[in-house]
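K.L.:
Please arrange chains B, C, D and E on chain A, whose structure you already have, making use of the hints.
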Amino acid sequence: MNGDALIQAASAIGAGLAMIAGIGAGIGQGFAAGKGAEAVGKQPEAQGVIVRTMLLGAAVAETTGIYGLVIALILLFANPFV
Amino acid sequence: MNGDALIQAASAIGAGLAMIAGIGAGIGQGFAAGKGAEAVGKQPEAQGVIVRTMLLGAAVAETTGIYGLVIALILLFANPFV
Amino acid sequence: MNGDALIQAASAIGAGLAMIAGIGAGIGQGFAAGKGAEAVGKQPEAQGVIVRTMLLGAAVAETTGIYGLVIALILLFANPFV
Amino acid sequence: MNGDALIQAASAIGAGLAMIAGIGAGIGQGFAAGKGAEAVGKQPEAQGVIVRTMLLGAAVAETTGIYGLVIALILLFANPFV
Amino acid sequence: MNGDALIQAASAIGAGLAMIAGIGAGIGQGFAAGKGAEAVGKQPEAQGVIVRTMLLGAAVAETTGIYGLVIALILLFANPFV
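Chains as they are written, first to last, in UniProt numbering: chain A, 1 to 82; chain B, 1 to 82; chain C, 1 to 82; chain D, 1 to 82; chain E, 1 to 82.
Excised from the complex, chain A in its bound form:
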């Protein structure tokens, strides 16, 4: 077994681990969706500002999920060790 194979094997595991970060965005954005739907039901006339606030906050929550994706892609396609 040579060293490159070990690094590539570990990178495949590391890429998988990095995606686990996505749990957070999924739960958080789902909570935002639920609260948004509830608020739109109560004040349909405020639908515009409610949905905009929900999507603005969801975009912020998406960031750490994207960080994980970026690290996974770096490990797979721009691995500095290989």
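What the hints contain is simulated information worked out from the structure, not anything from laboratory work. Don't take each hint at face value.
Partner residues aside, some chain B positions facing chain A, computed with beta carbon under 10 Å [stated by the list, open to error]:
no.: 1; residue: Asp-4
no.: 2; residue: Gln-8
no.: 3; residue: Ala-25
no.: 4; residue: Glu-45
no.: 5; residue: Leu-55
Quick reminder that beta carbons are idealized off the backbone N, C-alpha and C, glycines included.
P.N.:
Frame of chain A, contents of chains B, C, D and E only:
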């Protein structure tokens, strides 16, 4: 043991780890579905906007689960190391 | 197998582990987004201060996700052991 | 393989593990941000004290995330075993 | 590979694992911060006692995070096995 076997074995583990991200979308979208059903029960006349808001938010929450799926598929079918 | 390969392999796994920190920011910022959408629905005239408070708090919650990203990038591109 | 390589490899994994502590601060500070946005929406005239209390509490919640970062940095740059 | 290297390697991983305890304090203190901000918004004239109570509770919640930090520091700088 040769190197390719190790990389393929680790990729199988990495693909499995990446799918753990799906926990988040499952919990979050379920919360959104619950709140949406609750809101439709209270304001049936607002069903249209409630369901649209719920589905819009759920679509956003789906993204990180899809990132995990993409990384898993890359590891399985477009593995850059093999 | 030489020592450098082992260190680089472990760094790839460590980088993936560090990204898991992002779960927190995702859940927390999503909660903030949901509460922000709810509050904007109830007091649309206070939209400005609500969104500013939400984003200020979300920025604070982002910090630990960024710490994880920084450690992952150090492990990949400025690894002190290699 | 010599002993130093093993220690450095384990330190890279340990640094990644230490960052997982950041999950807590992310969730907690996000909750504070959501409650802060909600409170500011209800009492905009009390915005000053609400935001100060939110940030004071968030600073306390940040501490354990910083402990994790400190241990990770010690493992990477001031490792007592290497 | 000698035994001391294995012990030190395992200690580095153990130090990282110990920091994961910080998740709890982060979530708990953030909840306290959110409820504190909410309470200060409702009774701004009681800000003093609210903040003192919040900080007292947060100090208690901090303890387990500090236990994790102490064990990590012992593993790194006062390791009884080396």
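K.L.:
Should the interface hint for Ala-25/B be scored as holding, given a Cβ-Cβ cut-off of 10 Å against chain A?
P.N.:
4 Å, holds
K.L.:
Hey, does the Glu-45/B contact hint survive, CB to chain A under 10 Å?
P.N.:
OK, holds: Glu-45/B within 10 Å of chain A, min 9 Å.
K.L.:
Just to be careful: measuring from the Cβ of Leu-55/B to every Cβ in chain A, is the smallest value less than 10 Å?
P.N.:
8 Å, holds
K.L.:
With a cut-off of 10 Å on the beta carbons, see whether Asp-4/B makes it to chain A.
P.N.:
7 Å, holds
K.L.:
Classify the hint on Gln-8/B as holds or violated, based on whether any CB of chain A lies nearer than 10 Å to its CB.
P.N.:
Nearest chain A Cβ about 9 Å off; hint holds.
When the structure is compared with the earlier hints, no violation turns up for any of them.
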